[in-house]
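Participant: Every position in the sequence shown, counted from 1, becomes a number in the numbering used here once 20 is added.
Do not take every clue at face value.
[Stated by the list, open to error] Quick list of simulated restraints, FRET-style, between CB atoms: (1) A168 to V37: 43 to 49 angstroms; (2) R153 to I223: 36 to 42 angstroms; (3) L151 to N99: 19 to 25 angstroms; (4) I272 to L131: 17 to 23 angstroms; (5) T161 to L34: 46 to 52 angstroms; (6) R153 to V37: 42 to 48 angstroms; (7) N126 to L245: 22 to 28 angstroms.
No lab work stands behind these hints: they were computed from the structure. Yeah, the Cβ is synthetic: ideal placement off N, Cα and C, and Gly gets one too.
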Amino acid sequence: MPPSFPESIDMSVLSFVLDLLLGVVLGVTGGLFGIGGGLIAIPILGLFFGLDQQMAQGTALVMVVPNVVLAVWRYNQHNRIDLTHAAALAVPGFICAYFGSQWAVNLPPDLMRIGFAFFLLALAVYMLIRLLRGSATGGTTLRHGLPALAALGAVAGVMGGLMAVGSAVVATPGLTGIFGASQVVAQGLSLALALPSTCVTLIVYAWHGQVDWMLGVPLAIGGLLSISWGVKLAHTLPERLLRGLFCGFLAICAVALYLK
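Use the sequences and the hints to build the structure in full.
Facilitator: This is the structure in structure tokens:
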């Protein structure tokens, strides 16, 4: 027997509240690691909500885009983002994200999921090796100029379009390992890169019907309520601890996706 009208309303409200609370958790995580929360949202949406890889990525972007806007502002308040460096990353990232997302919506979902898992695992291993070698703590001055930043932005943009949240995940270890930036400086610049690329990626995914708006909107609201807490925490943690947490976070997400 189908539920009565009041019961269906109660279930809808409960579902909205639970999605909102999940968004709060994802927002803190996204602020802490400078990724807008989408990196952990994608495995969760696939594992617990039954969404295929493209739909999970598109739905996560509904939360990621406003979260990234707020996170960029908060990071800039704590540690001023260099607009020239941000533009050098963001312009090629925006262009390449469009082509990467067009490619992504036509790939087999299982291939996308496994590819994303190995992508995250490779980044986690790379960052773990750097952490164990005791790489020097980065600073605010970058070792390489604007052409190198543009190249990194292009690569990160392709991965952002392909993996929906890959741009910041690629750019952060690139900025710390190759350019010598500190973790919080790298995360701020990565978010500035992610802002235009995630916007265009969301448009492409939505155009192809790969977004669950009823699920994505409460996640976005919850994320906006909490992402500032994660940003504040990121600026209070020691550099090596933040890098180690980021590395472990990538590994956990990779395993969760692979075991789906």
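Participant: The structure should be examined with respect to each hint, and the outcome stated for every one.
Facilitator: For each hint, the structure was consulted:
Between A168 and V37 the C-beta distance comes to about 46 angstroms, which sits within the given range of 43 to 49 angstroms. Distance hint for R153 and I223: a CB-CB separation of about 41 angstroms, consistent with the stated range 36 to 42 angstroms. Checked against the given bound of 19 to 25 angstroms, the beta carbons of L151 and N99, roughly 21 angstroms apart, stay inside it. Taking 17 to 23 angstroms as the suggested C-beta distance range, the pair I272 and L131 conforms, at roughly 22 angstroms.
Separation of T161 from L34 is about 51 angstroms and conforms to the stated range, judged on CB atoms against 46 to 52 angstroms. Restraint check, R153 to V37: a C-beta distance of roughly 45 angstroms satisfies the suggested window 42 to 48 angstroms. Between N126 and L245 the CB atoms are about 35 angstroms apart, so this pair departs from the stated range of 22 to 28 angstroms.
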